[in-house]
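Asks: Here is how the chains run, residue by residue.
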Amino acid sequence: NAGVTQTPKFQVLKTGQSMTLQCAQDMNHNSMYWYRQDPGMGLRLIYYSASEGTTDKGEVPNGYNVSRLNKREFSLRLESAAPSQTSVYFCASTGWSVETQYFGPGTRLLVL
Amino acid sequence: QQQVKQSPQSLIVQKGGISIINCAYENTAFDYFPWYQQFPGKGPALLIAIRPDVSEKKEGRFTISFNKSAKQFSLHIMDSQPGDSATYFCAAIPMDSSYKLIFGSGTRLLVRP
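Protein sequence lines correspond, in order, to chains A and B.
Residue numbering for the first sequence follows my numbering, beginning at 1 and increasing consecutively.
Residue numbering for the second sequence follows my numbering, beginning at 1 and increasing consecutively.
Hints may be right or wrong, so weigh each one.
[To be verified] Here are the simulated BS3-like cross-link-like pairs (lysine-lysine), alpha carbons at most 30 Å apart as the crow flies:
1) B:Lys5 / A:Lys57
2) B:Lys57 / B:Lys71
3) A:Lys57 / A:Lys9
4) A:Lys71 / A:Lys57
5) A:Lys57 / B:Lys15
6) B:Lys42 / A:Lys9
7) A:Lys57 / B:Lys42
[What the hints assert, rightly or not] Quick partial rundown of chain A residues pointing at chain B, CB under 7 Å, derived from the structure:
8) Ser31
9) Gly40
10) Gly42
11) Leu43
12) Gly106
[To be verified] In silico negatives: residues of chain A with every beta carbon more than 12 Å from chain B:
13) Thr7
14) Gln22
15) Val111
Quick caveat, the hints were computed from the structure, so don't treat them as lab data.
Backbone N, C-alpha and C fix where the C-beta goes; we use that ideal spot for every residue, glycine too.
Work out the full structure: start from the sequences and follow the hints.
Replies: Here you go:
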């Protein structure tokens, strides 16, 4: 089992460019999440998908969109990147026990 | 907005010492309190968790203490080792939205040899 995989691992964008962060899990989990991690801010929830076919906003959804493509895949899209979106992005998934979230290795995004 | 406040932001402990990280929450509508450990360059991973009807839980050198009346919970790492050097996050699951975790801001722990 690969667990939770994320691509790319690192990306540099210019302001205004768009990109999609990909996430996939092979644990047959129902729920998937996107977080951003900034120094001193902890992990902040951007969007989550409680089950296939549903998505909901988290704490910081502005500037992002998501797609739950199927049960395995949950993508995060930045339509017009801004320097404030420079961060490390983590995807996570969970089965029946929400307290046990499995995180991917992260994507480091730099927006110039 | 529901919040979980974590302190200290950073902590330096000598090998063999006790590391203590504290968290507090602002309302009573939380159902479960997990702690996550994150090593540099990696994603966080569940370390230990406690339910609000339990005052203490111990797993090896790691102990969670929970004080419901004070709305506080803490992580104690006994006999701290250099391999424990990592960032630790407390978290809580809101009762009204059981799909989500609310994370604290994190504590960067450095255990010196």
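Asks: Please go over all the hints and tell whether each is borne out by the structure.
Replies: Hints, verified against the model:
no.	hint	in the structure
1	B:Lys5 / A:Lys57	holds (22 Å)
2	B:Lys57 / B:Lys71	holds (16 Å)
3	A:Lys57 / A:Lys9	holds (24 Å)
4	A:Lys71 / A:Lys57	holds (18 Å)
5	A:Lys57 / B:Lys15	violated (42 Å)
6	B:Lys42 / A:Lys9	holds (11 Å)
7	A:Lys57 / B:Lys42	holds (25 Å)
8	Ser31	holds (6 Å)
9	Gly40	holds (6 Å)
10	Gly42	holds (4 Å)
11	Leu43	holds (4 Å)
12	Gly106	holds (6 Å)
13	Thr7	holds (14 Å)
14	Gln22	holds (15 Å)
15	Val111	holds (20 Å)
Going through the hint list in order, the structure does not satisfy hint 5, though it satisfies all others.
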